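Enquirer: Sequence:
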Amino acid sequence: MSAGQQAPGERFSVILCKVDSIEDVDNVIALYHRELEEFPPQHPNKCHLIGSFADALTTRFQYTGAKSDIDNAITRYQEALDLFSPNQTGRDTAAFSLGLALNLRYEKFFTTNDIGDSISNSRESLRLRPLGHRGRPKSLHQLMYAYMRRYEHQGSVDDLEEAISFGRESLDLLGRDPEDHSSTWSRFFTNLISDIGQQESTTDNYGKVLSRTREVILVGDNDPLRLSIISNLGAALTWRYEQGQLLHCAEPYCTRDIHSVECVRFKRIR
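Heads up: the sequence shown begins at 998 in the working numbering, then just goes up one per residue.
Just so you know, the hints here were simulated from the structure itself, not pulled from any lab data. It is possible that some hints are incorrect.
Pair by pair, the computed Cβ-Cβ distance ranges are [stated by the list, open to error]:
(1) D1023 / V1154: 17 to 23 angstroms
(2) K1105 / R1131: 26 to 32 angstroms
(3) P1038 / S1162: 40 to 46 angstroms
(4) T1061 / H1150: 20 to 26 angstroms
(5) D1021 / K1105: 21 to 27 angstroms
(6) D1079 / T1108: 17 to 23 angstroms
(7) S1018 / H1130: 32 to 38 angstroms
(8) E1020 / G1129: 39 to 45 angstroms
If you're wondering where the values come from, they're calculated on a predicted model, not measured in any experiment. A virtual CB, placed ideally from N, CA and C, is assigned to each residue, including glycine.
Using the sequences provided together with the hints, build the complete structure.
Expert: Put into C-alpha coordinates, the structure is as follows:
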(Lines of atoms letter the chains of each structure in order from A and count residues from 1; the text may use other names and numbers.)
(Lines give C-alpha, C1' and ligand atoms only; values in the text may rest on other atoms or scores of the structure.)
Protein backbone atom coordinates (compact mmCIF):
# COMPACT_ATOMS: atom_id res chain seq x y z
CA MET A 1 0.00 0.00 0.00
CA SER A 2 1.49 3.32 -1.06
CA ALA A 3 1.90 6.29 1.27
CA GLY A 4 -1.33 8.18 1.79
CA GLN A 5 -3.58 5.26 0.78
CA GLN A 6 -6.21 4.07 3.23
CA ALA A 7 -6.39 0.45 4.34
CA PRO A 8 -9.50 -1.47 3.26
CA GLY A 9 -12.46 -0.29 5.30
CA GLU A 10 -10.46 2.47 6.98
CA ARG A 11 -12.53 5.30 5.50
CA PHE A 12 -15.71 3.64 6.76
CA SER A 13 -14.17 3.15 10.19
CA VAL A 14 -13.54 6.89 10.34
CA ILE A 15 -17.18 7.50 9.41
CA LEU A 16 -18.28 4.99 12.07
CA CYS A 17 -16.47 6.99 14.75
CA LYS A 18 -18.64 9.99 13.88
CA VAL A 19 -22.10 8.38 13.71
CA ASP A 20 -24.88 10.03 15.66
CA SER A 21 -27.81 7.70 14.99
CA ILE A 22 -28.80 4.16 14.13
CA GLU A 23 -29.51 5.37 10.58
CA ASP A 24 -25.87 6.44 10.26
CA VAL A 25 -24.74 3.01 11.43
CA ASP A 26 -27.05 1.31 8.93
CA ASN A 27 -25.55 3.41 6.15
CA VAL A 28 -22.01 2.41 7.13
CA ILE A 29 -23.04 -1.27 7.23
CA ALA A 30 -24.51 -0.94 3.73
CA LEU A 31 -21.22 0.53 2.52
CA TYR A 32 -19.33 -2.43 3.99
CA HIS A 33 -21.69 -4.86 2.26
CA ARG A 34 -20.94 -3.28 -1.10
CA GLU A 35 -17.21 -3.10 -0.43
CA LEU A 36 -17.04 -6.78 0.54
CA GLU A 37 -18.96 -7.85 -2.55
CA GLU A 38 -16.41 -6.09 -4.76
CA PHE A 39 -13.29 -6.99 -2.77
CA PRO A 40 -10.93 -9.64 -4.25
CA PRO A 41 -11.53 -12.92 -2.35
CA GLN A 42 -7.84 -13.70 -1.83
CA HIS A 43 -6.70 -10.16 -1.05
CA PRO A 44 -4.31 -10.25 1.99
CA ASN A 45 -6.08 -7.30 3.60
CA LYS A 46 -9.59 -8.73 3.42
CA CYS A 47 -9.28 -9.71 7.08
CA HIS A 48 -9.02 -6.02 8.02
CA LEU A 49 -12.13 -5.12 6.04
CA ILE A 50 -14.17 -7.93 7.60
CA GLY A 51 -13.01 -6.88 11.07
CA SER A 52 -14.12 -3.30 10.42
CA PHE A 53 -17.48 -4.60 9.20
CA ALA A 54 -17.82 -6.53 12.46
CA ASP A 55 -17.08 -3.30 14.36
CA ALA A 56 -20.05 -1.67 12.61
CA LEU A 57 -22.32 -4.60 13.50
CA THR A 58 -21.19 -4.37 17.13
CA THR A 59 -21.97 -0.66 17.13
CA ARG A 60 -25.47 -1.39 15.83
CA PHE A 61 -25.94 -3.99 18.58
CA GLN A 62 -25.16 -1.29 21.13
CA TYR A 63 -28.04 0.72 19.64
CA THR A 64 -30.52 -2.12 19.11
CA GLY A 65 -29.61 -4.86 21.61
CA ALA A 66 -30.62 -7.32 18.88
CA LYS A 67 -29.10 -10.77 19.21
CA SER A 68 -28.84 -11.05 15.42
CA ASP A 69 -26.46 -8.07 15.34
CA ILE A 70 -24.06 -9.41 17.94
CA ASP A 71 -24.30 -12.93 16.47
CA ASN A 72 -23.36 -11.57 13.04
CA ALA A 73 -20.56 -9.47 14.53
CA ILE A 74 -19.06 -12.50 16.28
CA THR A 75 -19.28 -14.56 13.09
CA ARG A 76 -17.49 -11.82 11.15
CA TYR A 77 -14.82 -11.32 13.82
CA GLN A 78 -14.12 -15.07 13.78
CA GLU A 79 -13.98 -15.01 9.97
CA ALA A 80 -11.49 -12.14 10.08
CA LEU A 81 -9.36 -13.83 12.74
CA ASP A 82 -9.22 -17.06 10.71
CA LEU A 83 -7.85 -15.10 7.75
CA PHE A 84 -4.97 -13.57 9.72
CA SER A 85 -1.66 -15.40 9.70
CA PRO A 86 -0.36 -16.22 13.22
CA ASN A 87 1.72 -13.05 13.66
CA GLN A 88 0.20 -10.76 11.04
CA THR A 89 -0.24 -7.12 12.03
CA GLY A 90 -3.78 -6.60 13.28
CA ARG A 91 -4.37 -10.13 14.53
CA ASP A 92 -4.12 -8.88 18.12
CA THR A 93 -6.94 -6.39 17.45
CA ALA A 94 -9.10 -9.05 15.80
CA ALA A 95 -8.69 -11.39 18.78
CA PHE A 96 -9.35 -8.55 21.22
CA SER A 97 -12.50 -7.46 19.37
CA LEU A 98 -13.82 -11.01 19.19
CA GLY A 99 -13.25 -11.40 22.92
CA LEU A 100 -15.10 -8.16 23.57
CA ALA A 101 -18.07 -9.13 21.40
CA LEU A 102 -18.32 -12.50 23.14
CA ASN A 103 -18.32 -10.67 26.47
CA LEU A 104 -21.14 -8.42 25.27
CA ARG A 105 -23.26 -11.39 24.16
CA TYR A 106 -22.59 -13.26 27.39
CA GLU A 107 -23.66 -10.29 29.49
CA LYS A 108 -26.95 -9.87 27.68
CA PHE A 109 -27.91 -13.43 26.73
CA PHE A 110 -25.74 -15.69 28.97
CA THR A 111 -24.78 -17.87 26.00
CA THR A 112 -23.10 -20.86 27.64
CA ASN A 113 -19.68 -21.00 25.99
CA ASP A 114 -19.19 -17.28 25.37
CA ILE A 115 -17.27 -16.37 28.50
CA GLY A 116 -14.75 -19.17 28.06
CA ASP A 117 -14.32 -18.28 24.39
CA SER A 118 -13.93 -14.62 25.33
CA ILE A 119 -11.13 -15.51 27.74
CA SER A 120 -9.38 -17.66 25.10
CA ASN A 121 -9.45 -14.90 22.50
CA SER A 122 -8.45 -12.22 24.99
CA ARG A 123 -5.48 -14.37 25.99
CA GLU A 124 -4.52 -14.63 22.32
CA SER A 125 -4.69 -10.85 22.08
CA LEU A 126 -2.49 -10.56 25.18
CA ARG A 127 0.04 -13.00 23.69
CA LEU A 128 0.36 -10.74 20.66
CA ARG A 129 0.76 -7.64 22.84
CA PRO A 130 4.01 -8.16 24.75
CA LEU A 131 5.45 -5.81 27.33
CA GLY A 132 5.84 -2.40 25.75
CA HIS A 133 2.85 -2.78 23.42
CA ARG A 134 0.46 0.11 23.98
CA GLY A 135 -2.57 -2.20 23.77
CA ARG A 136 -1.43 -4.60 26.50
CA PRO A 137 -3.25 -2.81 29.37
CA LYS A 138 -6.53 -3.07 27.44
CA SER A 139 -6.07 -6.80 26.90
CA LEU A 140 -5.28 -7.26 30.59
CA HIS A 141 -8.35 -5.24 31.55
CA GLN A 142 -10.56 -7.29 29.24
CA LEU A 143 -9.27 -10.50 30.80
CA MET A 144 -9.88 -9.14 34.29
CA TYR A 145 -13.45 -8.26 33.35
CA ALA A 146 -14.14 -11.64 31.72
CA TYR A 147 -12.81 -13.56 34.73
CA MET A 148 -14.92 -11.38 37.04
CA ARG A 149 -18.06 -12.16 35.02
CA ARG A 150 -17.31 -15.89 35.12
CA TYR A 151 -16.68 -15.72 38.86
CA GLU A 152 -20.05 -14.00 39.33
CA HIS A 153 -21.89 -16.81 37.57
CA GLN A 154 -19.76 -19.83 38.45
CA GLY A 155 -18.17 -18.88 41.79
CA SER A 156 -14.66 -20.22 41.19
CA VAL A 157 -12.14 -18.51 43.50
CA ASP A 158 -9.44 -19.28 40.91
CA ASP A 159 -11.25 -17.00 38.45
CA LEU A 160 -11.35 -14.23 41.04
CA GLU A 161 -7.62 -14.58 41.67
CA GLU A 162 -6.95 -14.39 37.93
CA ALA A 163 -9.06 -11.23 37.68
CA ILE A 164 -7.16 -9.55 40.50
CA SER A 165 -3.81 -10.55 39.02
CA PHE A 166 -4.67 -9.14 35.58
CA GLY A 167 -6.08 -5.97 37.12
CA ARG A 168 -2.94 -5.29 39.13
CA GLU A 169 -0.69 -5.86 36.12
CA SER A 170 -2.74 -3.50 33.97
CA LEU A 171 -2.45 -0.75 36.59
CA ASP A 172 1.28 -1.32 36.90
CA LEU A 173 1.63 -0.82 33.15
CA LEU A 174 -0.45 2.34 33.07
CA GLY A 175 2.00 4.11 35.34
CA ARG A 176 1.86 6.63 38.12
CA ASP A 177 0.08 9.97 38.19
CA PRO A 178 2.42 12.95 38.73
CA GLU A 179 -0.23 14.44 41.03
CA ASP A 180 -0.17 12.50 44.30
CA HIS A 181 -3.08 12.83 46.71
CA SER A 182 -1.79 10.01 48.93
CA SER A 183 -1.65 12.02 52.17
CA THR A 184 -5.27 13.14 51.94
CA TRP A 185 -6.36 9.66 50.89
CA SER A 186 -4.40 7.96 53.70
CA ARG A 187 -6.02 10.19 56.32
CA PHE A 188 -9.45 9.34 54.94
CA PHE A 189 -8.68 5.63 54.90
CA THR A 190 -7.30 5.63 58.47
CA ASN A 191 -10.29 7.52 59.83
CA LEU A 192 -12.75 5.29 58.02
CA ILE A 193 -11.13 2.12 59.31
CA SER A 194 -11.13 3.61 62.81
CA ASP A 195 -14.85 4.38 62.55
CA ILE A 196 -15.64 0.86 61.40
CA GLY A 197 -13.46 -0.48 64.21
CA GLN A 198 -15.90 1.02 66.70
CA GLN A 199 -18.56 -1.27 65.23
CA GLU A 200 -18.93 -5.02 64.94
CA SER A 201 -16.31 -6.47 62.59
CA THR A 202 -18.61 -7.95 59.94
CA THR A 203 -18.32 -8.59 56.24
CA ASP A 204 -20.97 -5.92 55.58
CA ASN A 205 -19.03 -3.28 57.49
CA TYR A 206 -15.75 -4.03 55.73
CA GLY A 207 -17.64 -4.14 52.43
CA LYS A 208 -18.72 -0.56 53.15
CA VAL A 209 -15.08 0.38 53.74
CA LEU A 210 -14.03 -1.05 50.41
CA SER A 211 -16.96 0.53 48.59
CA ARG A 212 -16.23 3.97 50.03
CA THR A 213 -12.53 3.48 49.34
CA ARG A 214 -13.24 2.88 45.65
CA GLU A 215 -15.17 6.14 45.50
CA VAL A 216 -12.17 8.04 46.86
CA ILE A 217 -9.75 6.23 44.54
CA LEU A 218 -11.69 7.51 41.54
CA VAL A 219 -11.38 11.18 42.50
CA GLY A 220 -9.16 13.20 40.20
CA ASP A 221 -8.55 10.59 37.51
CA ASN A 222 -9.84 11.37 34.02
CA ASP A 223 -8.46 8.35 32.14
CA PRO A 224 -11.51 6.17 31.29
CA LEU A 225 -9.46 2.97 31.03
CA ARG A 226 -7.73 3.56 34.36
CA LEU A 227 -11.03 4.46 36.03
CA SER A 228 -12.61 1.24 34.79
CA ILE A 229 -9.65 -0.90 35.86
CA ILE A 230 -9.57 0.65 39.33
CA SER A 231 -13.32 0.28 39.80
CA ASN A 232 -13.30 -3.36 38.71
CA LEU A 233 -10.21 -4.18 40.75
CA GLY A 234 -11.80 -2.62 43.81
CA ALA A 235 -14.89 -4.76 43.24
CA ALA A 236 -12.80 -7.92 42.82
CA LEU A 237 -10.90 -7.22 46.04
CA THR A 238 -14.21 -6.68 47.82
CA TRP A 239 -15.49 -10.02 46.57
CA ARG A 240 -12.34 -11.79 47.64
CA TYR A 241 -12.57 -10.27 51.10
CA GLU A 242 -16.20 -11.34 51.39
CA GLN A 243 -15.31 -14.80 50.08
CA GLY A 244 -12.65 -14.97 52.79
CA GLN A 245 -15.25 -14.22 55.44
CA LEU A 246 -17.56 -16.88 54.05
CA LEU A 247 -14.72 -19.41 54.13
CA HIS A 248 -13.69 -18.29 57.65
CA CYS A 249 -10.21 -17.39 56.43
CA ALA A 250 -7.62 -16.13 58.86
CA GLU A 251 -7.84 -12.44 59.72
CA PRO A 252 -4.46 -11.56 58.12
CA TYR A 253 -5.77 -12.75 54.75
CA CYS A 254 -8.82 -10.50 54.92
CA THR A 255 -6.84 -7.55 56.25
CA ARG A 256 -4.39 -7.93 53.39
CA ASP A 257 -7.18 -7.31 50.90
CA ILE A 258 -8.21 -4.10 52.63
CA HIS A 259 -4.60 -2.92 52.41
CA SER A 260 -4.52 -4.04 48.77
CA VAL A 261 -7.25 -1.53 48.01
CA GLU A 262 -5.10 1.12 49.71
CA CYS A 263 -2.18 0.14 47.51
CA VAL A 264 -4.35 0.48 44.42
CA ARG A 265 -4.61 4.21 45.16
CA PHE A 266 -0.85 4.58 44.90
CA LYS A 267 -0.71 2.53 41.68
CA ARG A 268 -3.56 4.56 40.22
CA ILE A 269 -1.34 6.31 37.80
CA ARG A 270 2.28 6.51 36.94
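Enquirer: If a hint holds in the structure, say so; if it doesn't, say that too.
Expert: Outcome of the hint check:
| no. | hint | result |
| --- | --- | --- |
| 1 | D1023 / V1154: 17 to 23 angstroms | violated (45 angstroms) |
| 2 | K1105 / R1131: 26 to 32 angstroms | holds (30 angstroms) |
| 3 | P1038 / S1162: 40 to 46 angstroms | holds (43 angstroms) |
| 4 | T1061 / H1150: 20 to 26 angstroms | holds (25 angstroms) |
| 5 | D1021 / K1105: 21 to 27 angstroms | holds (23 angstroms) |
| 6 | D1079 / T1108: 17 to 23 angstroms | holds (20 angstroms) |
| 7 | S1018 / H1130: 32 to 38 angstroms | holds (35 angstroms) |
| 8 | E1020 / G1129: 39 to 45 angstroms | holds (41 angstroms) |
Violated hints amount to a single one, hint 1; each of the other numbered hints is respected by the structure.
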